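Peer 1: Chain by chain, the residues run as shown.
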Amino acid sequence: MRYLFFYVLFAFLVILIVFPMYWTFTLSIKNHRDITSAVPKFVFQPTAANYRGLFTGETGTTSLPASKPNFPRYFLNGVIISGGATLLAMLVGMPAAYILTRTHFKKESTRENLAFTLLSFWFGPEMAITLPLYRIYQRVGLLDTYLGLILVYQLISIPFVVWMSRSYFLDIPVSIEEASLVDGANRFQTFARVVLPLAKGGLAVTALLTFIFCWNSFVFALVVGGERTMPVTTGSLGFIRYEAVLWGQMSAAIIVSAIPAIVLALLLQKHIIRGLTFGSVKG
Amino acid sequence: MEKLILLPAIVIPILVGVIPFALGVSLSFTDWRLAYPTNSFIGLENYLYLFQDRNFWLAVFISFEYVFLAVSIELLLGSIVAFLLSRNNRGQWFFRSIIVVPLTVAPVLLALMWKLMLSTSGGVVNYLLGFLKISPIAWLADSSVALTTLAFIDAYIYTPFVALILFAGIQNLPRDPYEAAVVDGASGWDSFRYITWPLMRPLVLVAVMFRLVVSFKVFDIIYATTSGGPGNATTNLHLWVYLNAFRYGDMAYAMSGAVILFVIIYILMNIFVRMWKRATAYM
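Chains A and B, in that order, are what the protein sequence lines are. So in this note's numbering, spot 249 of the first sequence is number 486, and the numbers just go up one at a time. So in this note's numbering, spot 137 of the second sequence is number 140, and the numbers just go up one at a time.
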């Protein structure tokens, strides 16, 4: 009896989690008439028109304003910005994390204080920074540019990379490195030849999760991004201006935008909670 | 010398984070508007006006209300899910794979999914509730339920986060004290009260504080679904800042609100960091 109760509860929770995604998927393969019918249709003739429309710009309606959502562009923008931000953050953050875990500090508390100061950027309210940043970017011409967005994304990606890779470096016993140092290798050689190979898996996880965080980020792209650099998060909202007109395409856009994250989630299942807690909870 | 490696990881966040924020604070004492390039010093005027602005206080209140609703739902459901996960060994892998998915898809996209499903014209939620003889509800358009609806969408996205942290904690619980307690004739409740809770408390507090800080500055979920409406029923402080800046063009006034938002987050974050340090000391 008790087991039955557990399984029923399980099934209920699984349905609760999966249903919205399933439903959005069905909307994405429905035609306009089926989507807007007063009674939601569970049985319908599937169509690929929404997906096709997403990439060709065909909307299937005539009542459309001049500017159309340009989804392939948004997707490409997302890849460029998130990829660039991840690359930069890994280059900057990974060695910094290593130094932070291994170098001798005059005051031991400096180590912790630096790490937590970095982390506070991740938690800060985005608007408090992006409003004045909007003004600065306007002056220096970084508004609506890839470089501008990649730089501001460092506020979330550097703290994350530093914390995550720090947690993987801490997993490596210091004695292994000391052996290498005793053998005459310097800090950099030890890092490149001993630490990196050992932490490689963890660092790959770090990079992938950084990419997802940037891919999912919203506020920065909303304020200091624009038509040219719009990623999928702000881009998907573009379908809503013509509410009830482009629901099918918006669903298709949601599905396509969510796929990279879902695939990575299933691959990295075991590491997700470690990532979301900056390496401190090793699920 | 090695410490120079830390430099880029500190300089970049200063450039795109600290400097803009400092500029923002100073601009909050001016009459900076979106449309005008020049601005003059007006002292504390924005702040004095802020404290008399009923909409501002309402936004502060709504921020706290949202946090309270969302975090309580997440803690309650999260505990249940964590408990279920710990009880079920066979379905665990499958269930874990399912619940990490909402955590990796962009909150904006998940919020949009719910917006489609909660629609009053042909939305599937009202349709399904119709079978239970529940008459249609304007989930996002009725000002008396909109905020609660948003809290549930938030819970859909972040309950797995709380659940996975708690689950990690449950898995790390030692076995011995429980066996000793059984030998001593303790009841299930006693074991929970005197063994489980003291051991789990630091982790529970970390999960709650984490969610508290992040949901206090929530923006994307609200922006994608209600944009703060109907009226200003779901305009939290973060949205209030955005709307004042880009809808009304009063950048300086918005910035003064952003400074208050920053101060509140800063206080919450400090409590959080202190708890975090204490909790991770055990792990």
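The set of hints was computed from the structure by calculation and includes no laboratory data. Every value quoted in this text rests on a predicted model; they were computed, and no experiment measured them. Note that CB positions come from ideal geometry on N, CA and C, so glycine has one too. Incorrect hints may have been included.
Claimed, not checked - Here are the simulated EDC-like cross-link-like pairs (lysine to aspartate or glutamate), alpha carbons at most 16 Å apart as the crow flies:
1. 280/B with 345/A
2. 280/B with 414/A
3. 6/B with 408/A
4. 343/A with 5/B
5. 437/A with 415/A
Said to hold, decoys possible - A short, non-exhaustive set of chain A residues, derived as facing chain B with CB atoms under 7 Å:
6. 282
7. 283
8. 284
Peer 1: Determine for every hint whether it applies to the structure shown.
Peer 2: Now for the hints, and whether the structure bears them out:
no.: 1; hint: 280/B with 345/A; in the structure: holds (15 Å)
no.: 2; hint: 280/B with 414/A; in the structure: violated (27 Å)
no.: 3; hint: 6/B with 408/A; in the structure: violated (21 Å)
no.: 4; hint: 343/A with 5/B; in the structure: holds (13 Å)
no.: 5; hint: 437/A with 415/A; in the structure: violated (19 Å)
no.: 6; hint: 282; in the structure: violated (17 Å)
no.: 7; hint: 283; in the structure: violated (17 Å)
no.: 8; hint: 284; in the structure: violated (17 Å)
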